[in-house]
Amino acid sequence: MAPIDNESLHKSLDNLSLNNESTFNNVKLVDITTQLDHFCSKLEPKAIVKEPLFDLFQGTHSLEINNPKLDSYLIPLTKEEIEFDCDVKHGATPEEDLKYVASISDRLLRYVVSWLNEYQSLPTTLLSCRYMERLLNIKPSQQQVYISYETGDPLYDKALASLVIGVSYFATFIKGLLFKRVIYEEEDLNFNFMGIQGFDKLPEQEDVLHALTESIEYIFKLYGNNLNDYSTHLINILKAVRCLVKIENVITKYSNETDYLDKLIQIATYLDGNELKFDVPMGSFSMSIQKSFSNQFPPKQVVTPGKNYLGLTTMAQDIKLILRVAEIDTAVEALQFASFFNKLKQRHVLARALFPLFLVRENGEVIGKFSLEDFVFSHCMEFSLMSAKIVNEINASDELNNLLSPRLQECANVLYEFYQNTSQNTARYRQGYNRQLLLWDSAQAQLETVEMTLISNKVHDVVKNNDGSEIPLMPYASWVFTMKVIAMIEFVLKGFDLEVYKPFETFDMYYYTYHLSHQLQACLDKVHQFIVKKIDSIHSMNKKIKKLKAGEKKEKLKLTYTTIMEEETPQLQTNKQYLNYLLLQCNMNKSLSLFQVLQFAILKSVKLIDNKAPLSSKFVKPELIHNLRFKTFSSIGVPELPDYKSFQETLEGFVIHEDVNSPSFVAQLERIKTYMIVQINEATKCIKTIIRAIEANDKNGEVFTGTRLIKDDALHYYNKYLGSTLTLQANLEKLIERIKNKSIKNDESTVILEFQPDSSTYFPTLTVVDQQK
Amino acid sequence: MSIIYKPLDINNLSHFNKIKELIDIDLSEPYSIWVYRYFLNQWPELVFLAFDSDNTSTDLPIGCIIAKSESHRGARLRGYIGMLAVDSSYRKRGIAKRLVEIAIEKMVEDGCDEIMLETEVENKIALRLYEGMGFLRVKRMYRYYLNEGDAFKLILPLTKRACIRSTFLVNEQGVNDSNIVI
Chain A
1 MAPIDNESLH KSLDNLSLNN ESTFNNVKLV DITTQLDHFC SKLEPKAIVK EPLFDLFQGT
61 HSLEINNPKL DSYLIPLTKE EIEFDCDVKH GATPEEDLKY VASISDRLLR YVVSWLNEYQ
121 SLPTTLLSCR YMERLLNIKP SQQQVYISYE TGDPLYDKAL ASLVIGVSYF ATFIKGLLFK
181 RVIYEEEDLN FNFMGIQGFD KLPEQEDVLH ALTESIEYIF KLYGNNLNDY STHLINILKA
241 VRCLVKIENV ITKYSNETDY LDKLIQIATY LDGNELKFDV PMGSFSMSIQ KSFSNQFPPK
301 QVVTPGKNYL GLTTMAQDIK LILRVAEIDT AVEALQFASF FNKLKQRHVL ARALFPLFLV
361 RENGEVIGKF SLEDFVFSHC MEFSLMSAKI VNEINASDEL NNLLSPRLQE CANVLYEFYQ
421 NTSQNTARYR QGYNRQLLLW DSAQAQLETV EMTLISNKVH DVVKNNDGSE IPLMPYASWV
481 FTMKVIAMIE FVLKGFDLEV YKPFETFDMY YYTYHLSHQL QACLDKVHQF IVKKIDSIHS
541 MNKKIKKLKA GEKKEKLKLT YTTIMEEETP QLQTNKQYLN YLLLQCNMNK SLSLFQVLQF
601 AILKSVKLID NKAPLSSKFV KPELIHNLRF KTFSSIGVPE LPDYKSFQET LEGFVIHEDV
661 NSPSFVAQLE RIKTYMIVQI NEATKCIKTI IRAIEANDKN GEVFTGTRLI KDDALHYYNK
721 YLGSTLTLQA NLEKLIERIK NKSIKNDEST VILEFQPDSS TYFPTLTVVD QQK
Chain B
774 MSIIYKPLDI NNLSHFNKIK ELIDIDLSEP YSIWVYRYFL NQWPELVFLA FDSDNTSTDL
834 PIGCIIAKSE SHRGARLRGY IGMLAVDSSY RKRGIAKRLV EIAIEKMVED GCDEIMLETE
894 VENKIALRLY EGMGFLRVKR MYRYYLNEGD AFKLILPLTK RACIRSTFLV NEQGVNDSNI
954 VI
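Read top to bottom, the protein sequences are chains A and B. Mapping to this note's numbering: the first sequence position 500 is 500, numbers consecutive. Mapping to this note's numbering: the second sequence position 68 is 841, numbers consecutive.
It is possible that some hints are incorrect.
[As the list claims (entries may be wrong)] The list that follows gives simulated cross-link-like pairs (lysine-lysine, DSS-like), each with its CA atoms no further than 25 Å apart:
hint	chain 1	residue 1	chain 2	residue 2
1	A	Lys534	A	Lys558
2	B	Lys897	A	Lys618
3	A	Lys612	B	Lys897
4	B	Lys933	A	Lys502
[What the hints assert, rightly or not] A few chain A positions that, by computed beta-carbon distances, are all more than 12 Å from chain B:
hint	residue
5	Gln58
6	Leu189
7	Thr314
8	Ser616
Since the hints were made in silico from the structure, they are not lab data. Remember, it's a predicted structure, so these values are computed and weren't measured experimentally. From the three backbone atoms N, C-alpha and C, an ideal C-beta is built for every residue, glycine too.
Using the sequences plus the hints, can you model the full thing?
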């Protein structure tokens, strides 16, 4: 269609007129021409007229009349598209009608995958279907969407209509997830519904399922024993849509039933192996909806769907995976499940959206078993709180309880945020920690204040420092500190995975990880020591009992011992093993980070890299750049961020300052290499111990990883770490060899961060390459 | 060939149309005229154009940079580079770099604490240009562009305020929205 010229436009506008009786949709219209002229006369030249909330972001979504790139009204349509009628049959014979209905249904199902798995938009997939548009485009007065067309053929009027409504019902469910802000519009998926009202006026789930079932029965009845490829295909698609409609049960009924997901996987596998060649009726899929409805995006071609049925399998398997969280027995299992399920592989958007809603229910309960406050308490009990004096003290004192409760409520809020964040997309996941760190920091400070009150009342546990001095356990604050520092390390290392850092920043980031790991280790050691001491003291009770003469005192102690052995010792043993795991993980990151720090120092020693931004511009201020990178941590109270000078001095301390050709350089290089291999060996030992524990389902007595329900993902994660120990070492050997045989030419070489196959993306290698690469 | 750089003449409509053309060719996302007017009308002093002074047949720009500056969360003055484009026949001559330098100099003069921009993760040329001038990737944004590509948010810190979380900065700057009519 040609753009409207100015003359025609003016003519059309001249025809517009209002009188006192003019209405639109029963709303009285008022002539505001005079007011408009008045305000326009006051406008300054070049002024921008906009609503306060219409910012640049909104502006980038604004359209422009007569610009073919931005005006969807200019989309050209074919005669078939313009004249397409959903209320007539399109086949010349019943066989052809079956093929057409099966082909439209097939395309709709594949569009579900294009939309959700391949990030396509609604108008270019599902809403490009004229049959969708026909049923969903309802009049304002219409109470509900009808499940029928008017062709007179039940294949269209019953089967196709129920399928369209089933798909629409599923789409509306996804829309609801976007409103719950567990996934984000445009980022995670697109629900550009074009202002179509029908999405909000669909029948109930039961009615939709009933309509689908009726359609399936109708086709069976129609074809009896003569089901052909097309009718079989159509039945399978209807069954698949029935499964899609049931997915909402995960959050409406908190059902962890998986039969329908298994069925969906089975159907997807069948469809994938029995693809039919189809033609849809001309004009039945079109860009016309972009032209005639409320469109906020530039015109876009309708998607041609590929053979993507297995995308449904991915979706179903990922949902099945997240439903396993219902089987958690302990807080540590929940924590580990959340930490691993979406870590290495970004899960299907629907599974990611459902996870936080299924885990923490609308009433605030975790998997319908615990309140969030109890959940915080469980996290602490499974870490540092078991057998601590503070527990009895707080239980016995309303005053202390009142002091602690609001602080634990705050922890519950941060913990909720932690669990929500784990299912975010890979980039938003890192940003989530940016905010979360401040909340953990604040929670820690407040809990410390409460625990200091207990310390002043002399009701607290202590552990011995290396120098023999005593330090308070502070079990609550220690737990928060651990959660915080683990989050800090994750934030830093995730930056490598997302390629946020340049090679020159590698030293700073790994040195900081080393520093954080060191601080974390001290805290974990403290808690570990407390647990071991507690277990020892319980065991010593038994010896004491044996030494006592028979009598009331002995019986009383015996009873106490039996109670503690039953109620506290098993959890203390598990806590000790869990601490072992946390210490191994901490040591693993610490050793690998130290390795990277030293690798960087070697590269700096041969003048291939520096930890400052290249000074090729007058705007580069290295200290400011460093401080900007560490902005996230600058306000964290403990552990305090080392200043810029400390980073510089530490690096200089590692660098070999001798002439690269001198024997002492080579000797020092060898010394550093030996030390680096020690780090690799240490990391390897830690990783292998963790892997052994996971493989043995935590039953080998040393380490409790809590990964029973997410075993494969956890194993995959640690095996990648194991891969890194090999690739990092190989890269070191190669570098040392090149330095020794002087094959590195500084003016032709540069250092890149390289992801190696089967290795962790948290530890890319610092690889020397020629400048061209 | 000598290139000269000039600030925008907001009254020159042919320059405006050429700017739009230069940018529309290269950008993955089409912008409406509103977006151009949003920048050019509110911050004309932060738009710079490059001209080929040897080409006497036309006075149209062969490159441009479009920027703005405003208060960020009431905590710091943030410059923002919105668009940068150079005619394909004039590339690899340092024109884009010079345009960025001029814009930064102006924003420094105006007291900006930092300058921000976004660029596609796959746009290695843009990343090399900006990172060479001290811009730092501060975060990655998932599927930021309509073409489904991720983006990096880059910041060039100019003062210490750029390195402190907004929450901990006292509001010392106001928003200059005086030329916006509601």
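message: So, against the hints stated earlier in the document, which numbers end up violated here?
response: 5, 6, 8
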